[in-house]
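Student: Single-letter residue listing:
There are 2 protein chains.
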Amino acid sequence: MNIEFIQLAHGSGGSGTAKLIQQIFLPHFHELGLQPENDAALLSLGSKTLAFTIDGFVVEPPFFPGGDLGSLAINGTINDLAVMGAKPLWLACGFIISVGVAGTVLDRIAASMQEAAIAAGVQLVAGDTKVIESQGKSLQILITTAGIGILQTEKPWHTPRVRCGDQLILSGTIGEHTLAVLGARQGWFQDDRITSDCANLYPMLEPLHSLPDIHWVRDLTRGGLGGVCNELAQATGYGVELYEAEIPIDRSVRGWCEILGYDPLYLANEGKALLAVDRRAAAHVLGELQKTALGRHASLVGEISSQQQPLVILNTSVGGRRLVPAPTGELFPRIC
Amino acid sequence: MNIEFIQLAHGSGGSGTAKLIQQIFLPHFHELGLQPENDAALLSLGSKTLAFTIDGFVVEPPFFPGGDLGSLAINGTINDLAVMGAKPLWLACGFIISVGVAGTVLDRIAASMQEAAIAAGVQLVAGDTKVIESQGKSLQILITTAGIGILQTEKPWHTPRVRCGDQLILSGTIGEHTLAVLGARQGWFQDDRITSDCANLYPMLEPLHSLPDIHWVRDLTRGGLGGVCNELAQATGYGVELYEAEIPIDRSVRGWCEILGYDPLYLANEGKALLAVDRRAAAHVLGELQKTALGRHASLVGEISSQQQPLVILNTSVGGRRLVPAPTGELFPRIC
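From first to last, the protein sequence lines are chains A and B.
The first sequence: position 23 = 23 (my numbering), numbered continuously.
The second sequence: position 29 = 29 (my numbering), numbered continuously.
Isolated chain A (complex conformation):
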């Protein structure tokens, strides 16, 4: 273990988080059954398979165009279950609140959670609240949401099923969430409103449950498309090829990324999924996704290469090839 002090980068979802998990958590938790490679753990119970997950939500400011801490804390955990091929059923929320947070702010967040849970048809069955002394000037509400779902697919959509030649389908445009939160924090984009894509992915994924050729699904949160593709490469040992021209990016997002110097590949999303599907089924799956509201801009953006090197390569619009490294450092703190 050579992590001297915890840094923001250890929570980034990139290589810092991987290091924290590898060096501190896995040595202790490996034999306890920790399943760090999946968004949710799979648990056998009688004839059913449960999916079980937990996720912490930290966002500043708590309200931003297109969403807020409350909708994030419901949909984020729902999505971790949905991408395994499970139907989300039950949630439990732990609140950690700083002294001095206004009651009206907490009430608005609870109202947003209610709305998101009702829309998704999930129950919120258990909760807990701790209050901590506020330090410095920042008042905070931290929500940790655990969720239970029931696996609906014959096999879970997880990494052991990924094959060489699998096609990668992205469910829609990338980058809105990070820019919406940073915009709300900094007062940017006054005339060019960018809204978070925060959404429940289950309705988009449910029609795919009966298709046997879906091997793997992951939602693109911290670390973005670039981060998730690197995790996929690391977990499978295969290379990933991405086609830049096929990656859907909103015109405003692209413009602001150029101005601000951000690479949209690393921006976080809260309502997008990446799917690895059998090559022969790719067109059909793409068509199914495009029939849904959230998947209407779905696009075939890459494939699992035959190359046995866990590298992510972007085939650029101008015909070049460049390495997409795993994100390092803290890209954008407190965005999800």
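It should be emphasised that the hints constitute simulated quantities derived from the structure, not laboratory data.
In this text the structure is predicted, and so the values were computed from the model without any measurement.
Worth double-checking, as some hints may not be accurate.
One copy or any two copies: either way a pair holds, since identical chains are not told apart in the list.
With a cut-off of at most 27 Å between alpha-carbon atoms, the simulated BS3-like pairs for lysine-lysine come out as follows [claimed, not checked]:
#1 K291 with K155
#2 K48 with K155
#3 K19 with K291
#4 K291 with K87
Chain A is already provided as a structure; the job is to place chain B on it using the hints.
Tutor: Frame of chain A, contents of chain B only:
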């Protein structure tokens, strides 16, 4: 809703927390199936009943005589499942860590979690880490642990089953946890070491699974015996009678409470349970508890009165009767 700002008392487990739940959370979460009256929600799944719970752990300092944040974060959630009559099986932990926390501290906490989980035979299957900027001088690790168990008893040990005349059995001495943490924080009790009672209650409760006359079990955490008895009275509408002379309190704890002006009835515990059992079965249940390591000091400490007023009355050692009000305000911040 008339909570203007969140205060420490809203996280105390007493009347402040009740107000927060009543005024902010229940109006939004009631229709989502929130089960605030139990330590764990009960969920039907095929022929089985799952228990599902979540709890946040905030303690300063993170290491104290008899336990630490890690053992607390495992045993606390296990106990919320065990007191419903469930066997704890799977845990998920969300970490929120301040920038600057030493890697060795986090490693020691993870090691303690590992040890507690192995001892309890539970799996830790999912996790999440968020890093927040540290504000002020206090570095923090906040752990939120969700847990799933399977109900083992024919009926859950919960409030609807409590009856007039039920006997109240306390599983052991009260008050050690609060004093151990405050002692470690303040440097008290150098020569008179008081250790936390942090423990897994499941082995003590398991022998009771087949007994039909156990109506209700609760662990005594924040708010202590006085807080839990008031919650029981409020939830059932019955009064609670306690017999002061029968409540086991360690001599050192009693002495320090007198010196410090604390009422041991409100001190938090992390390894004690209160049981409501049918009058005819009380002696047998007490005997079963006393056979176990954790329950060796179990004592019959009160009963559910026939009085239809939800008040808690302490029958004092000198023959008086005094009201034990629900705890208000923040008793002891950041102890569990």
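Student: Work down the list of hints and note, for each, if the structure agrees.
Tutor: Hints, verified against the model:
Taking CA atoms no more than 27 Å apart as the test, K291 paired with K155 passes inside one copy only; the shortest distance there is 24 Å, against 47 Å between copies. In this assembly of identical chains, K48 and K155 lie within 27 Å of each other by CA distance both inside one copy and across copies; the values are 12 Å within and 23 Å between. In the homo-oligomer, the alpha carbons of K19 and K291 never lie at most 27 Å apart, since the shortest distance is 40 Å inside one protomer and 46 Å across protomers. Only within a single protomer do K291 and K87 lie at most 27 Å apart by alpha-carbon distance; the minimum there is 20 Å, versus 44 Å between protomers.
Violation of the numbered hints given earlier is confined to hint 3; every other hint is satisfied by the structure.
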